[in-house]
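Novice: Based on these hints, arrange chain S on the given structure of chain X.
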Amino acid sequence: MSAAAPVPSLVELVPGAQLLPTALVRALESGAAVRDVATGTVLLRQRAVVVDLVVLVTGRIATLVDFTGTGDLVVETTEQRGRIFGWSGLCEPGRASATVRTDADSQVITLPLDPVRHGPPQWTAALCEVVAAGLADRTLALQQRWTGNAIARDDA
Amino acid sequence: MRDTPALRRWFAGLTLLDQLHDADRDLLAEHAGWVHLGCRDRLYGADEPGTALWFLVDGEIILGDRTGGVADGVVRRSVTTPGYPVGWDGLVWPRRHRWDAVAGSPARLLRVPRGVIDERGGRDAAFAARFYRFLLWLAGGQLRGQHTRLITARYDDQTDAVAALVASRADELRVTSALHRIPAYLRSRPTIADAFRALEAIRDGEDALEAQLAREALDILAGARRELRVYLGLQRVYETVASAPPEVGPAELRARSCRALIDLFAHTEHRIVGLDRLPPATGNIVLSNHLDSHPSNRLPNGFSLILDTHFVSSMILYRTYGTAPVRVVRDSHWHEAGHARYYARLGYVMVPSAEAGAPTAAERSARYARFLDQASAVLGSGLDLVICPEGRTGPTTGSPRQLRTGAFALAARLDPAPLIVPIALAHFDERLSRAVLGAVVAEPFRLSDVIADPTDRDAVAAFVAEDLTPRYRGWVREAAALR
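Chains X and S, in that order, give the protein sequences.
Start counting at 1 in the first sequence, then tack on 890, and there's your number in my numbering.
Start counting at 1 in the second sequence, then tack on 19, and there's your number in my numbering.
Bear in mind the hints are in silico, worked out from the structure with no lab data behind them.
The structure presented is a predicted model; accordingly, all values stated were derived computationally and were not measured.
For glycine and all other residues, C-beta sits at the position ideal for the given N, C-alpha and C.
Do not rely on the hints blindly, as some may be mistaken.
What the hints assert, rightly or not - Partial list, derived from the structure: chain S residues whose beta carbon lies under 8 Å from chain X:
(1) Pro113
(2) Arg117
(3) Ala144
(4) Ala147
(5) Leu154
(6) Gly159
(7) Gln165
(8) His166
(9) Leu169
(10) Ile170
(11) Val348
Isolated chain S (complex conformation):
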């Protein structure tokens, strides 16, 4: 729905467009149309004719070559400044785009067709002069920013790079400029969000030099901003579950958790292959290899959300079926209050942790019977059951290490026999904001398809160790290679 007065106000408030007259901004507002992009959606490609100028409203646009990947600030540049014009390179000779433009997160833009600008420029040479001088200023700013990034890329740390950027212009800044405080804010995690708020306020302020430095700093900090978004997303996922009102039941909490996770993963790069192999209905045993959690995923209460299985639950199963699965999770250790607070609410099938010590044969038997009852009930109710047969986490390289046979013994005892769906995951052990997360859904099978007698424990163990495990490692390698 167009709301021209609101668009006029929005364009009028953009200090970036100070060089243009009020009537010029009104022209843009009157002809601007909304464009909504999902993460990784393409806005335009290199060599395509320039048909419009877009103004970023919110989200992130990555400009760079067609190889994809996250913005590194040099080869691929991130644009996050609201109001920043995108696609100007297609409006200057030879009027074709030099770069690909892809959404780095869900984004909204306003698109002004090139024809509108050309038509007004043809009638009003003064407008044309203002407009193309504005494009030249943008082009110069982009080249100057590229020079800065080439220098600051030599710094290992983005905070050091921003500190150097501010120091480089310190003699031109007011002594009271808030920019002087930014490096200190960035050095402490709890105040990183304050640094971004301050930079955005400076960027939108009236001091042209400060605004330019704030934009360059925000460009340099694109990776840190993505990390902040992921971190806040992790907190939201945790709070969605742990702080839910007591009357909310496990099924509803699992669904809410999946939705919060989908929002979180929208800020990451991920590739999924083989969704078409998923069975037509739920009620399956879904296997996942289990990867280490990156230390940056640790919440203030010490709890680390291990995101591989959450990815399977939300991005693969919930998005496909609209139903959140149940997972098999180990009991919390005595010191893991955060873990206990989170998993206690979700109605998962819990299995003893190693901390419980070596059980007696009777205890083991009783626990196993309880596990079978609970797991069978989940599958019998038509829900998917997600199991990590390794029982412990490890790095992507060489994953899975050793698959235990419990999940297969469970499958062998059920009638009707459930489908087993292996899902291979890669790179969840890396920093989420920089990794390209990969997932491969392999062909589902029933145990009776691969073993003559599924109740033969030796035959199951041989199948798992000698056949399935090497193939699983191949699927993980395939997931790791997705780009």
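In isolation and in its complexed conformation, chain X is listed as follows:
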């Protein structure tokens, strides 16, 4: 990983981030780092403690799940700018539920969670709402992709 360009505005980057209190946005952006990362870089490791949220700016990110000891299986890939990873850092026990890895040379922003953990409760409420919205959108995208696959298989 290498440090790169100035931090893009979270409000412009992340859907729903306009809901976040201005002070929270400032706190998040002040600790944020923009990083250019090479293909195959592990950004979050399943079961490891999560200390940062990761936001995709450009490139592609894969989500992998270790299942029955057969190794990490790719369950999701996205090129969606503004997608957030590391939600489990905001919930107990604060460990990643999946491995997150770059699937192409990418640019990401890391947002330390400490300011939120030590900030006022309305920051937690607002950030949890925005991150939860992103998870709902990821779930929906997975369903839509599955439907698309099913149609493609029928046509094959």
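Specialist: What follows is chain S alone, placed relative to chain X:
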């Protein structure tokens, strides 16, 4: 009727809400209102504003796209966990629902208006933090569950998928965890119900990891649960009739059977078109094409309830008129004790089975006269008579194969001439828990409307073979296309 103390106790007992404080749960209980849904009723739709959070009390809610259909676990997900919150996706930005929510079976929920949550969150930031962290946990659980289902969907068999799910977390489970026994329970039909009971107990228990795995397993097993419900429903229908006290007469048993069947079909997906075409009163000859029974409908005594005609009797005729019809049914074969025990009680018009061998002309004549007497008496008493003119079952594709003319000869002999009501059925030959059952009620007619001389046997045979049969196949295709 609201019973706030009972609702408080119910919310307090939900381990799913452990992250919330007692006062938070009391708030939900104090503002929760009952919502009752029938099978296929819609709770909310995609793109609609999120106005509330619902808590499932019992039944099944299917979350997915608006195309309908049964839950496949991936595109359409089934929620059956009592206390599970539904509709959270409409409470997070942009505060519109992502999915349709439809009842997969009769369901009861408790609805807490969004305004109550917003109002408390505005006054109490700590509550807002707990509540939205809870929603994030739900959203994360749903995404994680989706990942699991994407993997387990690669398994052909739900039991294998659950076995793999348990194995995937075996190193984190207690060695004495009951979850280890679940795959064995699932592999034997008599213990499937035990598997569900065990999973539900684990889901409601205090071990968070076990509870999460049990919820995911129950999600994966939504189809198996639906099959179990259907199977238990089939058993209830049979026992309602076969084990009824001897003093209960055939008319009352037919009505009880119809009510048990309505309960059974409430757990299936079905579409009926043309109910408005039914005659205003009973006393008609009702025709039905006859479809094979799926092997999964076979009861432990070997008897298969053929459900197409039962659907006509209960869901179409009994629900419309409040009167159970009489059916024409073949005699039981010598080895069909279950068949005999069931049909002997219902007062149906019985006709000889093929097993009886080729009758002499005199025997045939005597049997036919008996059939005419009994069938005429049924119609004369104002009851509907349900007949399958094919005389045998077949697959939906190409149904009906060949219509025999007995029902029409009966109609030709009666005065006044009864209305003939064709009903086309589709997909009853598929596994009930996965099929979308279709029924089309076609326009009723009198034989004299379509044939100049209804007693002309050649003209009747030509009408049935060349006119009615092709049209009937078209109605069956229409029923098969209902979604």
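Novice: None of the hints should be skipped; say for each whether it holds.
Specialist: Status of each hint after checking the structure:
{"no.": "1", "hint": "Pro113", "result": "holds, 7 Å"}
{"no.": "2", "hint": "Arg117", "result": "holds, 5 Å"}
{"no.": "3", "hint": "Ala144", "result": "holds, 4 Å"}
{"no.": "4", "hint": "Ala147", "result": "holds, 4 Å"}
{"no.": "5", "hint": "Leu154", "result": "holds, 5 Å"}
{"no.": "6", "hint": "Gly159", "result": "holds, 5 Å"}
{"no.": "7", "hint": "Gln165", "result": "holds, 5 Å"}
{"no.": "8", "hint": "His166", "result": "holds, 4 Å"}
{"no.": "9", "hint": "Leu169", "result": "holds, 5 Å"}
{"no.": "10", "hint": "Ile170", "result": "holds, 5 Å"}
{"no.": "11", "hint": "Val348", "result": "violated, 40 Å"}
Figure legend: structure checked against the earlier numbered hints; the only hint not met is number 11.
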